[in-house]
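Q: On the provided structure of chain B, position chain E as indicated by the hints.
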Amino acid sequence: MMINNFFILLRQELILSVLIFLLLFIKLGKDRSNENILNIINVALFINLAAGFCCMHEGSLFSGMFTTNALVAFQKNILNLAIWIISMQSFAWLKTHKHVIEFYILLLTSLLGMYFMISSGNLLMFYLGLEMSTIPLAAAANFDLTKKKSSEAAMKLIISSAFASGILLLGISFLYGTSGTLSFEILPAHLGNNPLQIFAFILFMSGFAFKISAVPFHLWTADVYEGAPVAVTSFLSVISKAAVLFAFGTVLYKVFEPIANTWYAVLVVLSFATILIGNLFAIRQENFKRFLAFSSIAQVGFILIGLSGSSQAGLASLVYFILIYVFSNLAAFGVVSLVSALTGKENIADFKGFYKTNPTLSWVLTIALFSLAGVPPTAGFFGKLFLLMAGAAKDNYWLITFAALNMVISFYYYLRIVKSIFMEPNEQPIQKLAIPVVSKFAMYLCVAGIIITGLASVVYDYIYSLSFGL
Amino acid sequence: MNEIPLTHILFVSTALFFIGMYGLFTRRNIITMLMSIELMLNSVNINFVAFNKYLFPDKLDGIFFSLFIITIAAAEAAVAIAIIINLYRSHNSIDVDDATEMKF
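So the protein lines, in turn, are chains B and E.
Sequential numbering from 1 applies to the first sequence in our numbering.
Sequential numbering from 471 applies to the second sequence in our numbering.
Next comes chain B alone, as it looks inside the complex (with noise of 0.2 Å):
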């Protein structure tokens, strides 16, 4: 019984790691071509993302270190969506690179990191799991060697990263000290409007806002996104951001649900300056990667406002977001990444002219860009109106308020993008692209899955049904 426990509740971590050391035998094994590992590793990823659906199952595993539920899974089976699509969208970039398989370890180690700690039940696990999924991230930023922006990328990364684990750190410690405890279970117990235990929380927040890239914290963010490989920034933009932001959901609604009014003020100030920083600098980026980190800045804001709802709605509408998120964010990404590797142009001025020569990538990013500014007919404005709805059952309609006022905003830098592919000409556009399969298919899947998820109601409704609130 205890060992058939393990294995159903573990399941997609022991998944992961056989997968992890399935490429140490490819690496070691006799020489076969980047095409051939592609393709069995893009298969390898769908089995992993359909295992991932049967038996969601509750429990906890090592006397409460590991905890799972259906909620908890099916986060997990939205960080395998992404991986596959990421993995089937850099088919073009990794075809000719020399070391697929080290990127492939280094990026699924990480993903590893991140479950152990999106199903934590205990501060230490919660911490070995954030920088396992930091560490290998920062070594997959630099995966470009030979240039000078990768590597300086990398360094920013490292050490940012690293100096917010510290911060963090400090804030557990004081919890710890306050407490006697690490566990989720027990320590709501002992928090309350001890000054050292918010000191301790803003601390822990802080390293949190660092990885989430909210506000004040942001500035490594546009850095890394433009100087690191388009894989591994959709990656880093996409899952990691993800990933963070499902157990901060259930930090917050969890174990600092005692001192929820002191969190509830800080989301405030938080989502605000995000979304309005984020917006103001995304209009002035030249560069696409840059813009788009922007652009994933002030998305975060907006579920940060989802999430100060602390409702089951709160929660489910941060998830059903994320999900929408994963499709839009990597349908563009995608189109970023094929024109990157095969041209190596990264400007918006470059996609001036785009759709005379290539009409098809050029809906598959209108599209894109639409659902990301929330234009009604896709899913990215379903996503926004849930989270909005959300945050306003707690009556801060100003809020609110300036967060539909700073969609228009939005509006303004997207469809400037759109207006370029479509109306302006340019004497020297991106030549016709010839797509591989793969590309297509994640490309097409993206958008299906832009469409359908903000049309079939089903989707929330299941997600809303697994979620819990305060």
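What the hints contain is simulated information worked out from the structure, not anything from laboratory work.
Do not rely on the hints blindly, as some may be mistaken.
Partial list, derived from the structure: chain E residues whose beta carbon lies under 7 Å from chain B [as the list claims (entries may be wrong)]:
1) L509
2) F518
3) V519
4) G532
5) F535
6) L537
7) I542
Every residue gets a Cβ at the ideal spot worked out from N, C-alpha and C, and that includes glycine.
A: What follows is chain E alone, placed relative to chain B:
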């Protein structure tokens, strides 16, 4: 013999933490910045061990936590130094002021 009170130890660890933070913000050599981060992590270790010894002597959580912090700090330093070597190859310097390809 009088025992050293907890507050004295907390004073040392907090001072160490902020010395580390000050070093991180003012130094421009990446290796020195890495050392400052180690200072911050070690001050947290002192915190954990002190809390464990003085407040919860019958538990081991804090001591285990500090063991894991030491391990992870080593892993982090290994990756960071690899990155710094690569940065030195491309920039011929390990001064952060020279790594200015990307701004704003």
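Q: A separate judgement is required for each hint: does it hold in the structure or not?
A: Hints, verified against the model:
{"no.": "1", "hint": "L509", "verdict": "violated, 9 Å"}
{"no.": "2", "hint": "F518", "verdict": "holds, 5 Å"}
{"no.": "3", "hint": "V519", "verdict": "violated, 10 Å"}
{"no.": "4", "hint": "G532", "verdict": "holds, 6 Å"}
{"no.": "5", "hint": "F535", "verdict": "holds, 6 Å"}
{"no.": "6", "hint": "L537", "verdict": "violated, 10 Å"}
{"no.": "7", "hint": "I542", "verdict": "holds, 5 Å"}
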